[in-house]
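**Q** Sequence:
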Amino acid sequence: MSSSCDALLAALKTCLLESDCVQRHGRLPSECLKQHADELPETCQNLRKAAFECKRNMLDMRKRFRGNVAGMDAEKLRREQTKSLQHSDS
Numbered sequence: 001m002s003s004s005c006d007a008l009l010a011a012l013k014t015c016l017l018e019s020d021c022v023q024r025h026g027r028l029p030s031e032c033l034k035q036h037a038d039e040l041p042e043t044c045q046n047l048r049k050a051a052f053e054c055k056r057n058m059l060d061m062r063k064r065f066r067g068n069v070a071g072m073d074a075e076k077l078r079r080e081q082t083k084s085l086q087h088s089d090s
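In UniProt numbering, the protein residues as written are 1 to 90.
Read the hints as simulated data drawn from the structure, not as lab findings. The beta-carbon is built from N, C-alpha and C at its ideal position, and this holds for glycine as well. Please note: incorrect hints may appear among the correct ones.
Here are the computed lysine-lysine pairs in the DSS-like style, where the Cα-Cα straight-line distance is at most 25 Å [claimed, not checked]:
(1) K34 <-> K55
(2) K13 <-> K55
(3) K34 <-> K13
(4) K49 <-> K34
(5) K13 <-> K49
Between beta-carbon pairs, the in silico distance windows are [stated by the list, open to error]:
(6) Q35 <-> R56: 21 to 31 Å
(7) S30 <-> S3: 11 to 21 Å
(8) S3 <-> N46: 13 to 23 Å
With these hints in hand, go ahead and build the complete structure from the sequences.
**A** Right under this line is the structure:
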């Protein structure tokens with residue numbers, strides 16, 4: 001089952017894998033997220049907060065009727081990342 005937060009979680013995963021915490025220090029992404037979150041780039045920290053808000057909004061009945069704004073923003077982010085990857089491959 002696909003959730004509205006999938007694009008946001010994928011962006012967070014990519015950000016973690018590209019961070020110094022994983023690349024230079026050889027830590028697991030989960031370890032960086034749990035124990036070294038303050039060392040992560042600001043982009044990863046913002047994605048982490050947004051992913052948390054998105055998941056929390058999925059449980060909020062008021063948000064279910066209005067739509068999950070964080071999830072919609074995540075889909076927009078995913079499309080922008082896909083475009084930038086296509087341009088960098090060219």
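**Q** Please go over all the hints and tell whether each is borne out by the structure.
**A** Evaluation of the provided hints:
1. Among the hinted pairs, K34 with K55 is consistent with the structure: their alpha-carbon atoms are about 17 Å apart, no more than 25 Å.
2. Only pairs whose Cα atoms come within 25 Å are accepted, and K13 paired with K55 is accepted, the gap being roughly 15 Å.
3. The suggested pairing of K34 with K13 holds, with an alpha-carbon distance near 13 Å, which does not exceed 25 Å.
4. For the proposed pair K49 and K34, the alpha carbon gap of about 13 Å is at most 25 Å, so the pair holds.
5. With a C-alpha separation of about 13 Å, the suggested pair K13 and K49 falls inside the 25 Å cut-off, and the hint holds.
6. A hinted range of 21 to 31 Å for the beta carbons of Q35 and R56 is consistent with their spacing of about 22 Å.
7. Distance hint check for S30 and S3: the Cβ-Cβ separation is about 19 Å, which falls inside the suggested range of 11 to 21 Å.
8. The hinted window of 13 to 23 Å between S3 and N46 holds, with their beta carbons roughly 19 Å apart.
Of the hints listed earlier, there is not a single one the structure fails to meet.
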